[in-house]
Amino acid sequence: MRSNRQQSIRRNGFSNRLGWLLSLLAVLLTFGVSSVFADMGIGGAEQRIAPIGRVHIEGQDFIPAVDSVASEIEEPELIAAPRTSRKDYPNIGVSSRAVVWILAQMHLFFGALVLAVPLFVLAIELVGVATGDERYDSMAHEFMKISLTGFSITAIFGGSLALFLLYPDFMGYMMHVFGAQWLVYAALFFLESFFLYTYYYGWNAMRYGNMKWVHLSLGLLLNGAGMTIMVMANSWATFMMAPSGVNEVGAVIGNIWEVMKGPLWNPINLHRFIANIGFGGAVVGAYAAYKFLSTKDMEKRAHYDWMGYTSNFIAILAFLPLPFAGYWLMAEIYAYSQQMGITAMGGILAWLFIVQAVLIGTILLAGNYYLWAGMSRTEGSKRYKPFIGFIAFVLVISFLIWVTPHTLMLSASEIAQLGGSHHHILGPLGIMPAKNIAVNLMLIVTFLSFQLYRRSDKVATVSWAPIGNALMVAIYVVAIVNIIFLGVYFGYFTNTVYKVGSSVAQVSSTLVVIIAGIVIDSLMFKNAKILPSHWGRIPDRAQYALFALPIAFTWLMGLMGYVRSSVKTHWHVYTVMKDNSPDNFIPTIGYAGNMITIVTVLFLLFVLFMFWIASLSGTKQPKPETVAEGGVA
Amino acid sequence: MSEENKIGGAVLLVIWIAALSISLVAFYGLDHLIMNMQGLPLNADLTPAG
Amino acid sequence: MNVFFKTMGFSIGLALIFTLVTQLLPQVEGEAPVETKVDLSSLTMDDFVTMGEDLFMNKGTCTLCHKPPPIGRAPDIQSMDMVSTVAERLADERYQGESKDAAGYILESMIDPSKFVVAGWGKKGSNDTVSPMPAVDKAPIQLSVMEMDAIIAYLQAKDGNEVTVSLPSPEAAAEAAAAAPAAGGGVALASAATAEEALGKYACSACHAMDSEDPLVGPGLATVGRRLSETEIRQSIVDPAAVIAEGFPPAMPADFAEKMTVKELEMLVQHLAEKK
Chain A
1 MRSNRQQSIR RNGFSNRLGW LLSLLAVLLT FGVSSVFADM GIGGAEQRIA
51 PIGRVHIEGQ DFIPAVDSVA SEIEEPELIA APRTSRKDYP NIGVSSRAVV
101 WILAQMHLFF GALVLAVPLF VLAIELVGVA TGDERYDSMA HEFMKISLTG
151 FSITAIFGGS LALFLLYPDF MGYMMHVFGA QWLVYAALFF LESFFLYTYY
201 YGWNAMRYGN MKWVHLSLGL LLNGAGMTIM VMANSWATFM MAPSGVNEVG
251 AVIGNIWEVM KGPLWNPINL HRFIANIGFG GAVVGAYAAY KFLSTKDMEK
301 RAHYDWMGYT SNFIAILAFL PLPFAGYWLM AEIYAYSQQM GITAMGGILA
351 WLFIVQAVLI GTILLAGNYY LWAGMSRTEG SKRYKPFIGF IAFVLVISFL
401 IWVTPHTLML SASEIAQLGG SHHHILGPLG IMPAKNIAVN LMLIVTFLSF
451 QLYRRSDKVA TVSWAPIGNA LMVAIYVVAI VNIIFLGVYF GYFTNTVYKV
501 GSSVAQVSST LVVIIAGIVI DSLMFKNAKI LPSHWGRIPD RAQYALFALP
551 IAFTWLMGLM GYVRSSVKTH WHVYTVMKDN SPDNFIPTIG YAGNMITIVT
601 VLFLLFVLFM FWIASLSGTK QPKPETVAEG GVA
Chain B
1 MSEENKIGGA VLLVIWIAAL SISLVAFYGL DHLIMNMQGL PLNADLTPAG
Chain C
1 MNVFFKTMGF SIGLALIFTL VTQLLPQVEG EAPVETKVDL SSLTMDDFVT
51 MGEDLFMNKG TCTLCHKPPP IGRAPDIQSM DMVSTVAERL ADERYQGESK
101 DAAGYILESM IDPSKFVVAG WGKKGSNDTV SPMPAVDKAP IQLSVMEMDA
151 IIAYLQAKDG NEVTVSLPSP EAAAEAAAAA PAAGGGVALA SAATAEEALG
201 KYACSACHAM DSEDPLVGPG LATVGRRLSE TEIRQSIVDP AAVIAEGFPP
251 AMPADFAEKM TVKELEMLVQ HLAEKK
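Chains as they are written, first to last, in our numbering: chain A, 1 to 633; chain B, 1 to 50; chain C, 1 to 276.
Read the hints as simulated data drawn from the structure, not as lab findings. Among the clues, some could well be false.
[Unchecked claim] Okay, the calculated bits of chain C under chain A, using three or more residues with CB under 8 Å as the criterion: (1) 5-11; (2) 15-25.
[Claimed, not checked] Derived pair list, reagent style DSSO-like, types lysine-lysine, alpha-carbon separation capped at 27 Å: (3) C:K138 x A:K261; (4) A:K87 x C:K59; (5) A:K385 x A:K529; (6) A:K261 x C:K123; (7) A:K300 x C:K6; (8) C:K124 x A:K261; (9) C:K263 x C:K275; (10) C:K275 x C:K201; (11) A:K145 x C:K6; (12) A:K87 x C:K138.
Quick reminder that beta carbons are idealized off the backbone N, C-alpha and C, glycines included.
Working from the sequences, and respecting the hints, build out all of it.
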């Protein structure tokens, strides 16, 4: 009984701390979203986006670049982007793009993993310090241990060598544009390695007292270096999509900051930052699930169950705000180039969002299922069982609406068969307002699952609990009604401008529910009565949800990489440097699907290798007896 | 559970109605706020005023 | 080991399901615009109109936005008689351009779309004064003058109106063919017929202001004829590095000598020398 109680308290503290982190994340996100609102005002897009060839510092009037160039004594040479022809691309017998695709994607997978893990490891370590519970510390250390090899794997897949060999002119141009930034990047790698090894190997050496704070600072520096590396690498990708700091022919006219700070840089930064955390959580969750399934030892099972739960918590938590970050990114893409936006959402790539819906549906269903299965750990969960049916129903309906295809590319005969470019019954479900409703409802009910799970082992003792409950239920009900109303009324009965505007209000409603839920629950369950709960008491099949999550996450990242890269169409650097290689077309979705599965399976194998290396360090070979005897003799 | 039992049915009804009204007002305000921030004002009945 | 196979099987199976979904969807490849060599000497107006239609549907990416409501993001040009529509628009008091006829208006709307913004289709917040349409002669679409003419021909012809743009001349075709190898894999552009066209074709105004002396990347050219002789102008174009205007970077492309036809070069030199 006593250990149960301890565990409950431990988890309670943990949930509260993470609750705060979530609030922080939500606040950050709100700022992100509010900047979208701000930018939607008159002239906002104009100010925000410095078109190529007209880069200037925010807040200042446009000064022709030559003024500053002319006044400087040392004149930088203006070199236009190279114009390549097909013979400038080495032919290696297989598709160069496929090679780079695999290398780059593996690099990104491991890069994302090793950037994300230290982030939540530091958070968990902090929780450990705050609660004084050493088990947090051990878990953080274990997370670190299993991802350690990932750093080397990331470096191995750097892929730059292949890029230089396969796309010499393009890489030469990129080197020219980013110049000294590459040196900073390389230097940061040394810093990152230094902090990584001191942070990991110094864990036990700096475990208590003031030394612990030194250790935490190392963790912070590690994350600082990692984050800087990430945003630098992001600037290359966003420069390729929406170049800034160069003129129409690709000659550099701005400084490195102006080159980096393109219109899509920050949206990508935020999006990747959040997604990395979700991805990292999902991958270490699979580790815990595997360990859980491999052992019959109840104590170990309890430990890995708790670890798996935490990983799932991190993954889904990071996942919830992701669509909003994606919304911001898409809005910026449309603002930068309507043509690019339509290529992504309405052109040949549009079918891809059906696949995206399948993947996100898988993630949400798996995450929810894991939470529901996890309710068997606690004795207080019976109260909430009826909700599960409702949540599952909303999830499935919303999911079906989401995958209803928008009319995209139909041949004349298909249009004739359908009697118009939209299906007369399903048509209204295929367009954006319906999908917006579906997505927001899915997020809301997933949060409801979360909230119910977190409540399942507690009974509120504060006197105003009935008021709090009533308010919470009312917020859910009104928010859902509001989201449906906004989508249906503005989406189908007013003009386009209001339709787009109302989707922001829908997103805000979802955010309000999430923030209100966190605030009300963290106040209401202060000093709550804790019901007994039993870690490890979860069906084996629930662990498969923890495998579905990383697979779907990995696949989703691969898919989004395909669309992000493809919207550039036949350009290396959009509008500035044409791609004249044999692979300058957008591959079919089926081809992309095969490639993504290849990289996903490769990633899976390398992750297994990484885990295996980690398990080696904990294995000690027993001293062979014959040798021992020989020694004595 | 025990706390809830102490509250009478009438009081509970008031609480629920109050919670619902507060939420309605809050989300009504939110819609106006968000749409106004984007330069898309609404009438009192939530129809577009632009 | 049992657990290993179960979990790996589950994971790979799931990945294969996702792959299957992608295989079930329509398989479309997004071809990069292909260089089409047009034999201008045997080009008929019908061919030209067909070429315009193809450009409208494909390379010009016009139909990304110009398609029927509710999915269109711009007026549905294909269902409108553009010649009669243009007449209405030219009479509109909001029209800011200088065109007098349909061909001129359509060209203007492709190069400078904000000259007239159809009510309701302007950029958000601009009160229909700024068009969201990109200039089609600039990257990433980069249509040539000839290609834009072909689109005009298509838009006029599709509703049975008289086509007023003229076919590119066979002489221009021959010169374009000669210029093609030097263009370095780019689309073979028609040779410019006038000095203004040549200025547009070689994107001089990307770096030089044509109607003022304000320096951009290179010096303004409004009164260049006062500063330089014809010979000096020719040298500056053919071999830009020979003499560089004080205070400017040596940024001017050095390959104009290969790219320009003799006729284009001479037209440009004449045109610039007259700017006094």
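To see whether the hints hold, each was checked on the structure:
no. : hint            : result
1   : 5-11            : holds (count 5)
2   : 15-25           : holds (count 8)
3   : C:K138 x A:K261 : holds (23 Å)
4   : A:K87 x C:K59   : holds (23 Å)
5   : A:K385 x A:K529 : holds (20 Å)
6   : A:K261 x C:K123 : holds (24 Å)
7   : A:K300 x C:K6   : holds (20 Å)
8   : C:K124 x A:K261 : holds (24 Å)
9   : C:K263 x C:K275 : holds (19 Å)
10  : C:K275 x C:K201 : holds (19 Å)
11  : A:K145 x C:K6   : holds (25 Å)
12  : A:K87 x C:K138  : holds (26 Å)
Violated hints: none; the structure is consistent with every hint.
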